[in-house]
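Novice: Take these sequences, add in the hints, and give me the full structure.
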Amino acid sequence: MRQEQQELTVTTSGHGLYEITEKVRAFTKAQRIVTGQLTAYCRHTSASLVIQENADPDVQRDLLVFFQRLVPDGDPLFVHTMEGPDDMPAHVKSALTQTSITIPIVDSKLALGTWQGLYLFEHRKMPHVRKIVLHVVGV
Amino acid sequence: MRQEQQELTVTTSGHGLYEITEKVRAFTKAQRIVTGQLTAYCRHTSASLVIQENADPDVQRDLLVFFQRLVPDGDPLFVHTMEGPDDMPAHVKSALTQTSITIPIVDSKLALGTWQGLYLFEHRKMPHVRKIVLHVVGV
Amino acid sequence: MRQEQQELTVTTSGHGLYEITEKVRAFTKAQRIVTGQLTAYCRHTSASLVIQENADPDVQRDLLVFFQRLVPDGDPLFVHTMEGPDDMPAHVKSALTQTSITIPIVDSKLALGTWQGLYLFEHRKMPHVRKIVLHVVGV
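So the protein lines, in turn, are chains A, B and C.
According to numbering that gives the first Met the number 0, the first sequence is numbered sequentially starting from 0.
According to numbering that gives the first Met the number 0, the second sequence is numbered sequentially starting from 0.
According to numbering that gives the first Met the number 0, the third sequence is numbered sequentially starting from 0.
The hints are simulated quantities; they were obtained by calculation from the structure and are not laboratory data.
Predicted model, so just to flag it, every value in this text is computed and none were measured.
Careful, some of the hints might be misleading.
Same chains, same label: a pair holds when it works inside one copy or across any pair of copies.
Calculated lysine to any residue pairs in the SDA-like style (CA-CA distance at most 25 Å, straight line) [as the list claims (entries may be wrong)]:
(1) K124 with W114
(2) K22 with D57
(3) K130 with D106
(4) K130 with D74
Specialist: Put into structure tokens, the structure is as follows:
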């Protein structure tokens, strides 16, 4: 069994979902793994990973506004406000979604469903540079 | 190290939790892996995976009603309503739970705790056929 | 490729976040894996795992109070109250966070971001003894 790693950089322009499916697919394909798995790992606590529908952009818009309503900016509940009203909500949204996702590689392809895309979920309002580690293992 | 994969099909009769522990255990046992890990991966964006208590069925009932209240069907917040009032809530519930779960295999057994069961969490009201990829790797 | 496993015991004094980063780092270092990955798996349904900021303790306090407000103890919605008013909320909080997290090992180190720490999230009010299985695989 072999393994390969790569750090992916995603430059965001503020909160929203940023699809990384094609970059992850290209990295996986280049490793020529027939059977194995890919793990994506987000190195942040105010951005995270989600697998979501990538057909209708409204899904991404709705996800964003739902999370904003569930964890509102400037909530007086929060003490940790050092970096502004969207600081602690970003941490909570990260905890509510995923930091690592593992996708099997079957017949040389990621086992993503027909409508599945992999997204970096940026929870901060300001632009950020985000790092995601990709790790494939297999034969 | 060896690896094996299998696609599991779960036919649901609408929203609820469907336990797949025994099927996953049987697949794992058949591979005769002593030390390793199993990854379950859900190929959908309106169904997901959770590990939950499998002793009292009320836990599954309570989980279901909590998520229904947290992400209500027909919420006017949502724009993506193509497939009905439970369409976008299903995507949100998937984002709030897990798409992939990895369980170590210790002494030829899944390291599930005493009360842990693995469930497919169906978020749509109508029956669906769901696909879960199982992947074991180990020795 | 090699793999090693260890069960980590965390004794909690009631609900809150318990950082296990150093213990996980020490286990990983001792296995002398240069390139690979570590999976942490929580063997419970009323405690879970999160990766969160470990610089300001207020983040952990805020996470705790947010989850308490989101899933309040004694909610009349819940039928499963066998072990008290914090029983079912603990299961819900586990479902909303993560049971397994996989972190790549790059250049002999866990690929944790600068501010990332790995935490056991205890959701019960009473002290508990929690078990987390650590599994490394790599070369």
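Novice: Would you mind marking each hint as holding or not holding in the structure?
Specialist: Here is what the structure says about each hint:
1. K124 with W114: Cα proximity of K124 and W114: across copies only (19 Å, versus 27 Å in one copy).
2. K22 with D57: Only inside one copy: K22 and D57 sit 22 Å apart there, 36 Å across copies, limit 25 Å.
3. K130 with D106: between (28 Å within a copy, 16 Å between copies)
4. K130 with D74: Answer is neither; intra-copy 28 Å and inter-copy 34 Å both fail.
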